[in-house]
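Chemist: With the hints as your guide, set chains B and C onto chain A.
Each chain, written out:
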Amino acid sequence: MSEKELVRFQIDGLEVEAEKGQMLLPVALEYGFEIPHLCYHEAVSPYGACRLCLVEVTTGGRTRMTTSCNYPVDNGIEVATSTENVLRARRMILELLLARAPHSERILAMARSVGVEGTRFSIIEEADGCILCGLCERVCREVVGANAITFVNRGDKREVAPPFWDPMACIACGACVYICPTDCIKMEERGDERTIVRWKRTLKMQPCKSCGKPFAPQFQLNWIIDQAQLPKDFFELCPVCRKQKK
Amino acid sequence: MHLKSPDDLERLRSQLIEERKAQEGKKGIVLCTGTGCRGAGALVVFDAFKKALGNKSATEFKTTCCHGFCERGPITIIEPEGIFYQRVTPEDVPRIIEETVKGGRVIEELLYQDPKTEEAIPAEKDIPFYKKQNRLVFGHNRLMDPTRIEDYLAVGGYQALVKALFSMSPEEIIAEVKRSGLRGRGGGGFLAGRKWESCRQAPGDVRYVICNCDEGDPGAYMDRSLMEGNPHSVLEGMIIGAYAIGAHDGYVYVRHEYPLAVENVGVAIEQAQKMGLLGENILGSGFDFTVTVSKGGGAFVAGESTALMASIEGYVAEPRAKHIHTVESGLWDRPTNLNNVETWANVPVIIEKGADWYSKIGTEGSKGTKIFSLVGKINNTGLIEVPMGMTLREIVYDIGGGIPDGKRFKAVQTGGPSGGCIPEELLDLPVDFDALTEAGSMMGSGGMIVMDESTCMVDVAKYFTNFLKDESCGKCTSCRDGTLRMYEVLDRITKGEGKEGDIELLEEIGWTTTEASLCALGGTAANPVLSTIRYFRDEYEAHIRDKRCPAGVCPALITYTIDPEACIACGRCKKECPTKAITGEKKVPHEIDQAKCIKCGTCKEVCPVDAVKVE
Amino acid sequence: MTSAQLEKILKRHDHQSSHVLAVLQDIQATENYLPRKTLEEVSQRLQVPFTQIYHLATFYRTFSLTPRGRHVVTVCTGTACHVKGAASILSTLERELKVRPGETTADKGYTLETVNCLGSCALAPLVVIDGAYHGRMLGTKVLSLLKGEKKGASKKS
Numbered sequence: 000m001s002e003k004e005l006v007r008f009q010i011d012g013l014e015v016e017a018e019k020g021q022m023l024l025p026v027a028l029e030y031g032f033e034i035p036h037l038c039y040h041e042a043v044s045p046y047g048a049c050r051l052c053l054v055e056v057t058t059g060g061r062t063r064m065t066t067s068c069n070y071p072v073d074n075g076i077e078v079a080t081s082t083e084n085v086l087r088a089r090r091m092i093l094e095l096l097l098a099r100a101p102h103s104e105r106i107l108a109m110a111r112s113v114g115v116e117g118t119r120f121s122i123i124e125e126a127d128g129c130i131l132c133g134l135c136e137r138v139c140r141e142v143v144g145a146n147a148i149t150f151v152n153r154g155d156k157r158e159v160a161p162p163f164w165d166p167m168a169c170i171a172c173g174a175c176v177y178i179c180p181t182d183c184i185k186m187e188e189r190g191d192e193r194t195i196v197r198w199k200r201t202l203k204m205q206p207c208k209s210c211g212k213p214f215a216p217q218f219q220l221n222w223i224i225d226q227a228q229l230p231k232d233f234f235e236l237c238p239v240c241r242k243q244k245k
Numbered sequence: 000m001h002l003k004s005p006d007d008l009e010r011l012r013s014q015l016i017e018e019r020k021a022q023e024g025k026k027g028i029v030l031c032t033g034t035g036c037r038g039a040g041a042l043v044v045f046d047a048f049k050k051a052l053g054n055k056s057a058t059e060f061k062t063t064c065c066h067g068f069c070e071r072g073p074i075t076i077i078e079p080e081g082i083f084y085q086r087v088t089p090e091d092v093p094r095i096i097e098e099t100v101k102g103g104r105v106i107e108e109l110l111y112q113d114p115k116t117e118e119a120i121p122a123e124k125d126i127p128f129y130k131k132q133n134r135l136v137f138g139h140n141r142l143m144d145p146t147r148i149e150d151y152l153a154v155g156g157y158q159a160l161v162k163a164l165f166s167m168s169p170e171e172i173i174a175e176v177k178r179s180g181l182r183g184r185g186g187g188g189f190l191a192g193r194k195w196e197s198c199r200q201a202p203g204d205v206r207y208v209i210c211n212c213d214e215g216d217p218g219a220y221m222d223r224s225l226m227e228g229n230p231h232s233v234l235e236g237m238i239i240g241a242y243a244i245g246a247h248d249g250y251v252y253v254r255h256e257y258p259l260a261v262e263n264v265g266v267a268i269e270q271a272q273k274m275g276l277l278g279e280n281i282l283g284s285g286f287d288f289t290v291t292v293s294k295g296g297g298a299f300v301a302g303e304s305t306a307l308m309a310s311i312e313g314y315v316a317e318p319r320a321k322h323i324h325t326v327e328s329g330l331w332d333r334p335t336n337l338n339n340v341e342t343w344a345n346v347p348v349i350i351e352k353g354a355d356w357y358s359k360i361g362t363e364g365s366k367g368t369k370i371f372s373l374v375g376k377i378n379n380t381g382l383i384e385v386p387m388g389m390t391l392r393e394i395v396y397d398i399g400g401g402i403p404d405g406k407r408f409k410a411v412q413t414g415g416p417s418g419g420c421i422p423e424e425l426l427d428l429p430v431d432f433d434a435l436t437e438a439g440s441m442m443g444s445g446g447m448i449v450m451d452e453s454t455c456m457v458d459v460a461k462y463f464t465n466f467l468k469d470e471s472c473g474k475c476t477s478c479r480d481g482t483l484r485m486y487e488v489l490d491r492i493t494k495g496e497g498k499e500g501d502i503e504l505l506e507e508i509g510w511t512t513t514e515a516s517l518c519a520l521g522g523t524a525a526n527p528v529l530s531t532i533r534y535f536r537d538e539y540e541a542h543i544r545d546k547r548c549p550a551g552v553c554p555a556l557i558t559y560t561i562d563p564e565a566c567i568a569c570g571r572c573k574k575e576c577p578t579k580a581i582t583g584e585k586k587v588p589h590e591i592d593q594a595k596c597i598k599c600g601t602c603k604e605v606c607p608v609d610a611v612k613v614e
Numbered sequence: 000m001t002s003a004q005l006e007k008i009l010k011r012h013d014h015q016s017s018h019v020l021a022v023l024q025d026i027q028a029t030e031n032y033l034p035r036k037t038l039e040e041v042s043q044r045l046q047v048p049f050t051q052i053y054h055l056a057t058f059y060r061t062f063s064l065t066p067r068g069r070h071v072v073t074v075c076t077g078t079a080c081h082v083k084g085a086a087s088i089l090s091t092l093e094r095e096l097k098v099r100p101g102e103t104t105a106d107k108g109y110t111l112e113t114v115n116c117l118g119s120c121a122l123a124p125l126v127v128i129d130g131a132y133h134g135r136m137l138g139t140k141v142l143s144l145l146k147g148e149k150k151g152a153s154k155k156s
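Protein chains in written order, with numbering that gives the first Met the number 0: chain A, 0 to 245; chain B, 0 to 614; chain C, 0 to 156.
In case anyone wonders, no lab produced these hints; they're calculated from the structure.
As the structure is a computational prediction, the values presented were derived from the model and not from experiment.
Here are the simulated DSBU-like pairs of lysine-lysine, each with C-alpha atoms no more than 35 Å apart in a straight line:
1) A:K199 to C:K36
2) C:K107 to A:K156
3) B:K546 to A:K156
4) B:K494 to C:K107
5) C:K97 to B:K579
Sample of chain B residues facing chain A (criterion: CB under 10 Å; computed from the structure):
6) A320
7) L467
8) K468
9) D469
10) R479
11) L483
12) E507
The beta carbon of each residue, even a glycine, is placed where N, CA and C say it ideally should be.
Isolated chain A (complex conformation):
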């Protein structure tokens, strides 16, 4: 096992220590610094899209405002998490985000904590609560590997969708539902059907051979069997019955 190199630096005057190569945001969060963030999640690679995690970093005599989620820590840097500049940027960014997701409790709470009560900008209804953080497409691509959704278009026309609005590769696993910071991707189950509402994906669920309850989409189970090269009858039983069998 190799020795991990440690680096020492400062956050808001506090001496801290971390492994070289780590990103600043998770380190700061671990030390208890509350830096707001939306597009960062430890399960997927950092992206730097929402711009909320901005901090000021002084290194080599220069101070720059930078996102902390994708900033690799280094010896001797001085980080300031709540300067006037940082707060000023945070306020405007939250106003811009609220215009896309006006009902998100999480964003409203962040906004209130820096004195922003609402947004001066017109609400983008088509956004339907999406702030284009990309967590859903990253988790689908990097963790699940289904590659069902992607960013589409560019600029203010950017959105997340399945190619040609045909969700044929979606296995309705719900990872995107779970990771979405504004809860704008909903999952519904009705009878033996599961729907990921935002992608308009409805799949029939497989009933358990033992108890008869539908427990997961057939398409998904077949996909997993195919990807992991499992025997065809691997998912005959639902998780509950399988446990009981053991």
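Modeler: For chains B and C alone, coordinates are given in the frame of chain A:
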């Protein structure tokens, strides 16, 4: 012919120079067929010349790409006198051959006429547009057919390469480029030598060099002309750079909208390869280097270096954070040195003439020359190359010939959508990286768009913000939504729906867009808005408070009327008006029904006596 | 596009996945748009995720997912062209053709597009019709050029 050594190259060069010497004094015709002149009809003129000269003519007929004075295209030059004919049509061709080529007489109507003295100037070198320029990098365009490598060799091409490969070490080359003070010509203005050094020193075995020909700034087309007209100068620079840095693979990324540049650089690469100036064991030096052409897909943001690299890798042109610099980890995570077309083209000049010679040109902080595209409301429109330090006033008036139609100068926009507008009181500013940045603009890639009293500065800000909103990759909130919201405010203002506080709101959004964005697109997106507010606040206030557009541009705030004294009742406007808003019988001055008028401006376009007024 | 035709294009680019953008450009040039079926085949043959290809197709302006018209009319909206009246030419064309930029007329006759600078700024404002560059345009001039297109065979200069 495959050259295996510097001696082979020199032998060929001497031979080519001899051949050209033998032609000296003989009549020759040079026709520019660059994209600009094509837009003016150069290809039909080409056909006319070909037809008139036939196959067995003794007169040499050469096509070039871009002499810079594009507004006067199609340009034809008659050698050996260097007679400059402008706006040549196919109908002029027989006359040119008969009278000038055969008869030695000059055709007055085709000559350039000085707007002030009205004197016709026959020789190209005497034309004011060219006189004050220092065409160090760009000058050779007019002497060569870019699809003939022999032309490049005949003017000394690839001499610098020989010097670099055989008489200098990579470290010496880098030192020379550093000493020259060459700064990136693409807009960043970063010291090229320092970038090369960092790239060379970065750990790793594989390195890349890239030529950025994505020239996205609207109104700037210097790189197009260099790539179309003298691609070998760029290639030569790249080979020298690759040798100095230790790279064996290079990419030339050309934007999709430049098909002729893509074609010509492709031909140049092929010819250089055949000759042994590219590929394996260049001229027997032991150095291998190949170049691949990569075409853009139509995205301004692809000009940003990390976005460009993503594009080459097969992804969308989305920039990434530069906490780790591209010279350490760029294309496919390898050390990569990216430079602009013009930067690369300066390298052979620096190596051949030396850093001492080069650094005598320009200012303390900005060495060498810069090619600018001088366009917009200016008499002499085209590409110019001047030493850094020349003032904007000299450029606009001495070279540009001032503002047409007797209108008043208002501002010159530099740096494209990342830049700002420079007003009249700052016209004595020197063109220098730092001076322009201090004034709230920037050098950028070299676009210089002149505006006069009939340009609305709020409309200009709206235009640029709209452009950036469309071209933003959309990744980060501050850029994507920042440009969107700034645009919304500007749109309201130009429609007469501006309110008190709008200027402050624009400044607030602009601040965040500048400070919080990921890349330089967002980081400079607020410049057009902020610089126009800084120097033309009164125009904003007129739009907001008085619901008036002083320049007469914003459709919602202007009125088209027909001056009854000037109107000759010809009926043309009535016929062309798309909403049938104009009434009037023969011999009765026509009138515009304001309720139906959609401010399209067609009536003004077609009126033969300029009787339509805009307020 | 047949599989054989696609294979030719893929071969030209060495079947390299990083050349996917160039492959799409060749398909666009041949078919005048990017057919979905062909994109699915590219994804399979180059082993590039279909999502990546779709993002490329919708991100870059040179691509069209629906067939373009027989004639493509492109108005340059670069700064020099804008300052010289490109916006008014564009509204004239929008009014006449009854489409917005990026759209194709119902009879598939014309596609109207805008481009952010062709580098022909000295001849602003510029309009390109079927690849032919026309400088110093006016709304009325473009309309007569188009009427000329409608009448006879288009003359490519």
